[in-house]
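A.B. asks: Number 188 in this note's numbering belongs to position 188 of the sequence shown; there are no gaps in the numbering.
Keep in mind that the hints were calculated from the coordinates and are not lab data.
Only true hints are included.
Derived Cβ-Cβ restraints for the label pairs, each shown as a range:
1. 78 to 109: 24 to 32 Å
2. 57 to 138: 32 to 40 Å
3. 56 to 121: 13 to 21 Å
4. 53 to 208: 25 to 33 Å
5. 170 to 81: 19 to 27 Å
6. 169 to 60: 20 to 28 Å
7. 172 to 90: 22 to 30 Å
8. 165 to 71: 18 to 26 Å
Idealized CB from N, CA, C, for every residue including glycine.
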Amino acid sequence: MSSQHAVVRGLVAAAVVMIIVAAAVTTGVLVALNRVPGTPVSGYAGTRLPAGMSPPLSSDAPAAIVGATASCTSGPGVDSADNRFTYEAANAVDRQPDTAWRCDHDGVGASLLLTFDQPASISWIGVVPGFAKTDPYDGTDRYRQGRKVSAARFVFDDGTYVTADFDTGSTSRGMQVVRFAPTTTAHVDMIVLASVPGSPTNGSGPTDKIAISELTIGT
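Hey, can you work out the whole structure from these sequences and the hints?
C.D. replies: Structure below.
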């Protein structure tokens, strides 16, 4: 009987091990399916909202953004006339395309958190995914020269999110609008998923920094 008990115990133990391994493999597959290359797995368990790109409309109404913070910020720079500029998060929401939030290198994983004056039902986000400035003194095209954000994720308070790809052509420097099902939130957290390098221009090499000249959110 003792040998039979030992066999039974061995079979039970083996079954438990197989269940644990199967669960681990299943979890690993699920995590792999939900993982976005270059970004952490955690924090993205929400539901993706259907989204599409379209030009801005005359009826689009922007939401009131009262705060902007970023996980990283490039140091100040100067133009060809030695005028000094800064690149803080607030530049992305000042409605001036020749200012920008910038972050060093490819920016993957960098975030820009926007706060509204109160929870709002929003249905579109407009982005200028580079530094849309032409130097007024020597004509250097900063949009062409700098990195452009090619993909980003926008996360809302309830865990839902929208992922968008952007046209990064050097001539596509206008606002690109992402539309999605209306959702109510008091914050939008933009997370950079990918960027593309800039190009040499006007005798200057590319700038290894991402930039968002403008980010508008609306109802």
